[in-house]
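Undergrad: Based on the hints, put chain B in the right spot on chain A.
Chains as they are written, first to last, in the numbering used here: chain A, 60 to 384; chain B, 60 to 384.
Please keep in mind that the hints were generated in silico from the structure rather than gathered at the bench. Mixed in with the good hints, there may be bad ones.
Copies of the same chain look alike in the list, so a pair counts if it fits in one copy or across any two.
Straight line, CA to CA, 25 Å or less: simulated DSS-like cross-link-like pairs of lysine-lysine [claimed, not checked]:
no.: 1; residue 1: Lys383; residue 2: Lys72
no.: 2; residue 1: Lys158; residue 2: Lys240
no.: 3; residue 1: Lys323; residue 2: Lys372
no.: 4; residue 1: Lys240; residue 2: Lys72
no.: 5; residue 1: Lys372; residue 2: Lys247
no.: 6; residue 1: Lys72; residue 2: Lys382
no.: 7; residue 1: Lys372; residue 2: Lys383
no.: 8; residue 1: Lys72; residue 2: Lys372
no.: 9; residue 1: Lys323; residue 2: Lys247
Bear in mind the structure is a predicted one, so any value in this text is a computation, not a measurement.
There are 2 protein chains.
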Amino acid sequence: MDEEKDPGQLNVKDCFESLAQEARELYLPDTIQYIDGVPNPLDFYREYVCPNRPVIIRNAITHWPALHKWTIPYLRDIYGEKEVTVAVTPNGYADAVYKDHFVMPEERTMSFASFLDIMQHSNDLEKSAQHPGVFYIQKQNSNLTEEFPELIPDVEADIPWATETFGNPPDAVNFWMGQEKAITSMHKDHYENLYCVISGRKHFILLPPTDLPFIPYGTYPAAKYKEVSPGHFEMIDDPEVGQLPWIPIDPQEPDLNKWPCYSKAKPLHVTVNAGEMLYLPSLWFHHVRQDQATIAVNFWYDMEYDIKYNYFKFLENIAAVDKKL
Amino acid sequence: MDEEKDPGQLNVKDCFESLAQEARELYLPDTIQYIDGVPNPLDFYREYVCPNRPVIIRNAITHWPALHKWTIPYLRDIYGEKEVTVAVTPNGYADAVYKDHFVMPEERTMSFASFLDIMQHSNDLEKSAQHPGVFYIQKQNSNLTEEFPELIPDVEADIPWATETFGNPPDAVNFWMGQEKAITSMHKDHYENLYCVISGRKHFILLPPTDLPFIPYGTYPAAKYKEVSPGHFEMIDDPEVGQLPWIPIDPQEPDLNKWPCYSKAKPLHVTVNAGEMLYLPSLWFHHVRQDQATIAVNFWYDMEYDIKYNYFKFLENIAAVDKKL
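In isolation and in its complexed conformation, chain A is listed as follows (with noise of 0.2 Å):
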């Protein structure tokens, strides 16, 4: 491999090509790669979290109670009176690049009782029609133990073997619970995360790192929606927040006139259904979606910022340099 290509004849962008289609030759699968039980943490971290290569585990968590416990009834019956923060959009899709903004969600305090109903009547439309939007429970600052310590039986405050394998607990634990048209935009992590479904499915579009060339980045203004009167949300400038660096491309639908780049993007689709975890690499551009209601919980755990990091880096900046060429 060393000889196949003269290294005389190359510019930056084919030097894009390669690092990506080598990527894929040396050591990225076509297909999501599956692991039936708990592995072993050297043998994790030597075939996955060393390479960056995502692999969904099953059988990793079906001793949770979770798994069956968590309905709308048993969590009203044990949360119902508590205050949840909620992101409401009016599509969807919240901290995303809508009209030449990144747009964040209005956030909205509620009893999770109520929150539960707007879960139970999704698919009423007269009952939903009483509440416009779209409601997700998706706060990422450990909400699970932040939030909802109650649950935590029912789950694990972390996955031993992974807090084996990464050498630490996890730095947050997040709940996520939303409707069927919730969405989170393309995007990356500075963590490893290992993201596990407890009833629903997730649908993930995937790019590794190596990637980044071909996938599309803007600066844009930062604004929030407000819901200003029933089922009319308006987006409101958030000039604190200021100027942000997003991606705009729907990788469900990318418009490819627009940016030709990414059609060399080659996204792996992963569906992640209840029981099964998927471990997600640091620096892996991810775009998730459900087409159902759908409870997750996932564990960040700390990256490390270590060679690959550092050519990740080297990536991003030679990319730029590219650009101004």
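TA: Just chain B now, with coordinates in the frame of chain A:
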């Protein structure tokens, strides 16, 4: 750190400098680190192998009988009659750039007893004059297991904790024995290397893969030393080997007028004493010398052709593009 630089202002050479500098800020040591005793395989993989970070391990081979048994009389007793392959050069430089050629050593077959005599009398001017040149057993074809199997019980055929770490036994185990002046010129290997000094000591000059853009490479016609009359070596062209890319600079006395770029490389100077083991990560550039007769055994474990290798090839390609600009 993400915010430190405006990528819009960078050029390719700035990107190289950021890469090398951030490597040192994030994960590379200023001086070699030490571990006292055999590490836990998972910790070792996470702390050193995955981030591609060198370290010296003490007390990892103190149980090897070789440490006290491998004297010249002992080796002569058990192995004196054995035929061995010895690299002979006029100056100690085998596989190095000299007078615009890549020069390989003369490979001489002799009895191990004769080689040991030469080793023993290195400092006796009269006796060493009878054997002009520098003699080095340095055949890297797993010569310990292939040529010296009787020596294995004095060391080990593999390093059990390292075999667990890497998930496979070593691909090669090499035996090194040579005179004070024997030198290995700067190069890199596609292996994870555990380098164990039995007697004497080795001085390594190490450069991380991220310093690649500052390291000069040239392409040189291959040649081989041949002693044409006693003490007089000639370089004979080797058209079968043809042209080879190699690093011409001597990191002990770098010619910065000829290669000003090398001033940005930040070598790590490391001495490995008898009884110590150096973990030399894959793709690190290294120059090795000794200041006394030295015996060593090294274990080459297969490297992973994963994201680190993938990014390194990208860096090589970008460096080649930059040279054209």
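Undergrad: All hints, please: hold or fail.
TA: Checked hints:
1. Taking the shortest alpha-carbon separations for Lys383 and Lys72, both the intra-copy value of 13 Å and the inter-copy value of 14 Å come in at or below 25 Å.
2. In this assembly of identical chains, the alpha carbons of Lys158 and Lys240 lie at most 25 Å apart only when taken from the same copy (19 Å versus 70 Å across copies).
3. For the homomeric pair Lys323 and Lys372, the shortest alpha-carbon distances inside one copy (20 Å) and between copies (19 Å) are both at most 25 Å.
4. When the C-alpha separation of Lys240 and Lys72 is checked against a cutoff of 25 Å, the pair qualifies neither within a copy, at 37 Å, nor between copies, at 46 Å.
5. In this assembly of identical chains, the alpha carbons of Lys372 and Lys247 lie at most 25 Å apart whether taken from the same copy (13 Å) or from different copies (24 Å).
6. Taking the closest pair of Cα atoms, Lys72 and Lys382 come within 25 Å of each other both inside a single copy (10 Å) and across two copies (15 Å).
7. For the identical chains of this complex, Lys372 and Lys383 are neighbours both inside a copy (17 Å) and across copies (23 Å), given an alpha-carbon limit of 25 Å.
8. In this assembly of identical chains, Lys72 and Lys372 lie within 25 Å of each other by CA distance both inside one copy and across copies; the values are 17 Å within and 14 Å between.
9. For the homomeric pair Lys323 and Lys247, the shortest alpha-carbon distance inside one copy (18 Å) is at most 25 Å, but the shortest distance between copies (32 Å) is not.
When held up to the earlier numbered hints, the structure conflicts with hint 4 and nothing else.
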